[in-house]
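Residue numbers (this note's numbering), protein chains in the order written: chain U, 33 to 293; chain Z, 2 to 295; chain S, 1258 to 1570.
These are calculated hints, taken from the structure and not from any lab test.
Watch out, some of these pointers could steer you wrong.
As the list claims (entries may be wrong) - Within a straight-line C-alpha distance of at most 30 angstroms, the following computed DSS-like cross-link-like pairs (lysine-lysine) qualify:
1. S:K1450 / U:K159
2. S:K1478 / U:K159
3. U:K165 / S:K1450
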Amino acid sequence: MALLSIKKLTKTFGGLTAVSNVNMELEQGELVGLIGPNGAGKTTVFNLLTGVYVPTGGSIILNVDGRQKSLYGLKPYAICKAGIARTFQNIRLFKDLTVFDNVRIAMHQNVKYGLLSSFLHLSSYRKEEGKLKEESLEFLQIMKLDGKKDELARNLPYGEQRHLEIARALATKPALLLLDEPAAGMNPAETAQLTELIEWIRKQFRLTILLIEHDMSLVMKICERIYVLDYGMLIADGTPDEIKSNKRVIEAYLGEDVSNA
Amino acid sequence: MEQLLQQVINGISLGSIYALIALGYTMVYGIIKLINFAHGDIYMIGAYIGYFCMTTLKLDFVSSLLIAMVVCTLLGFAIEKIAYKPLRNATRIAVLITAIGVSLFLEYGTMFFVKASVRTYPALTGFLSGKLQFGSVIITMQQILILAVTILLMVTLQFIVKRTRIGRAMRAASLDNDAAQLMGINVDTTISFTFALGSALAGAAGVLVGVYYNSINPLMGVMPGLKAFVAAVLGGIGLIPGAVIGGYLIGIIEVFVSGYGNSMYRDAVVFAILILILIVKPTGILGKRSREKV
Amino acid sequence: MKKLIGIVLTFVIIQLLISTNIINSYLQATLATICINIILAVSLNLITGFTGQFSLGHAGFMSIGAYTCAIIVMRIPTVPGFLLGLLAGAVMAALVGILVGLPTLRLRGDYLAIATLGMAEIIKVIFTNLEITNGAAGLSGIPRFVNWAWLFVFTVGTIWLITNFLKSSHGRACISIREDEIAAEAMGINTTKYKVTAFTIGAFCAGIAGALYASYFYFLKPGTFGFLKSIDVLVIVVLGGMGSISGSILAAILLALISTLLQAFPELRMVIYSLLLIVIMIFRPQGLMGSREISLSVFSKLRGLLPSKKGRE
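Chain U with its partners taken away, still in its complex shape (with noise of 0.2 angstroms):
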């Protein structure tokens, strides 16, 4: 059974149908792309798949660990619970607390310990936060974040808030992870050094990853199967040669004429 089925997902915004009776299935251990021209509706895909919008139509189920989830109709924080994580296309970090606070705040679903404990500290809370913090540097280790830890998120240099991003939806420790744009305004080489990340983490945590991306050098590299949407419609999917050479994708991409040039 797989990770992850979506089936006939649709969404219509008044008169405007952003995403139409698309189909996707994702398999454990996966890292499959999500590529489309600008305003293809890859965003609205991930909107929908984390509960940021509510599909108007088709199913999504999550297979985890046995168990079947519909996520339809989940609120965006129950979503996370049950295993999928995301970052955003315009970074969303938390801008004025530090990098440490991001990660920890990540973990706070899986913390135990009640009101009660929080407003006279008793030992659950200090146990807890003793493992919260721990947990939040190793995190932050992977990617090489650590030495910051204490520093404002807005004050990272543009690739490290990338990479905290990363550490963030990590630290909810999901069974799928969403990204969005993860390379958006890197160059070659961190780009290079992004990929052998993403490789890394899919082994390391034992991930299924779904990733929108528009530099072709990272999709092409890394991602077994490749979704290509357009106009809110999926148009085609396969491995990275297949799609390469899928004339449908050409003419999407650069138009007709030259496809047929």
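We have chain U already, so just place chains Z and S on it with the hints.
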């Protein structure tokens, strides 16, 4: 039946006042997304200027009205330049707090200079003190005056907004500030003009209220200001027709609650309407739903 | 440990000053106002400064605590009666906090502000029209049980509990809502639950402040708890810095002193307050402390400058 009609007539008078004030709120909110807390106090200043004109300067109604409108226009313009413009890019909470500050400044500043005691407008003379009577339904000339002035001002506003360049600039800027700037619209001037226009209307409302209810005090702008804001939200914040519809609706509802229910609760009812609207349909009667892009 | 000593010392010193009447009854009233305002400011800061929910109706919660406590303690005029009244007041305020919070917390920024303002006005109208609260005339002769000890305990207690809360994961969840609500939800935080939690805690504390007010100043009327009172508290929070507990404490003390000085000129006081709001927002929106706290490391640095037997640097 006749009582009902009388209430409706009273409601229309009150509604006219709320509509005039609500227009200022809605235009400013439409263009810079600010709830101008101080707007109700500009209405109050208008009432005081009118009072000053009619008592000390012994001017007639029309001159007083015009002077009050001019003074309020300048005041609104000044407030925008001094207090709101520096905060164009600040958080909404920051601007709201500043607006509260301006409001308090106007209220207590006025109190400091003219004392908090209630003052009475001189009664209107001549045919303006008459009334028409249909059975037991009375329409005072003052009520007709209010309606006439309100309609005149609204028609003028409509003309400005729909037929002049600056009006078009206002509409463009309220839809998309950045795009308007890129199209060569001087958004600063447009915003100042919007404030000036709204303040002029509020000033007029102040004088009309002074004439109609006769008594004024430095805190008279607080409740009507809040209720006019509720009216603007009810009709659809940012939409000029919405302010008019909302204003008359709130005016009529308030008069009915006072007349048929318990006048003690009439303020509470207006606020309850606000909360209801914000929960059920925050974009108001005429508004359209909108989403934040993630 | 050093903090504890400092706290006990503060209590003892001021108690002595009161007992010897150096702090006379006039100054004692100022002291009470400071304590009550600290509780109000710290609790409003939790809602507005830390969780980012703009509440203009804090006085409404205070009035619920005040009236509930007054009604109970007037019927059971003993210390346990007062404590019961205080607890009941705080709980009632908290319940109304939940009631207010749940429907309105989906609103953003200015709309939430106006909705909370409306709620407080509705509460005021209700209190003005109930028999049990004696309407506009108010309640007088409320038995006075509150003295410096009670004020101190509740003020320090509130500060301690809220500071602890903000240092916990639950507190951080609230803060993340202020930072970026959508990101917070995406990270698994039930933002509605935490907004309501912040509101409820804030309302509970405001209820305590109200009860203390009732049993110290022994006279209540609905007009005391209007928009102006909410603004008073807001000015303290803004001046101190939205997001700084120590800022709220500092500002509460500062503004109480200014208030006392200007007592003869109430309009001037409000004019100054209003100018303060405008000037702070334009020139220093982070207030006195921003979102930083006074740390005791300042004091240890000072100590390091003094000559000492142990020869520290």
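Item to complete: Could you grab the alpha-carbon distance between K1450 (chain S) and K159 (chain U) and see if it respects the 30 angstroms cut-off?
Response: Given pair K1450 (chain S), K159 (chain U) holds - Cα atoms ~24 angstroms apart, limit 30 angstroms.
Worksheet item: Between K165 (chain U) and K1450 (chain S), is the straight-line Cα distance small enough, at 30 angstroms or below?
Response: holds, 24 angstroms
Discussion item. Can you confirm whether the C-alpha distance between K1478 (chain S) and K159 (chain U) stays at or below 30 angstroms?
Written reply: violated, 48 angstroms
Of the numbered hints given earlier, the model fails hint 2 alone.
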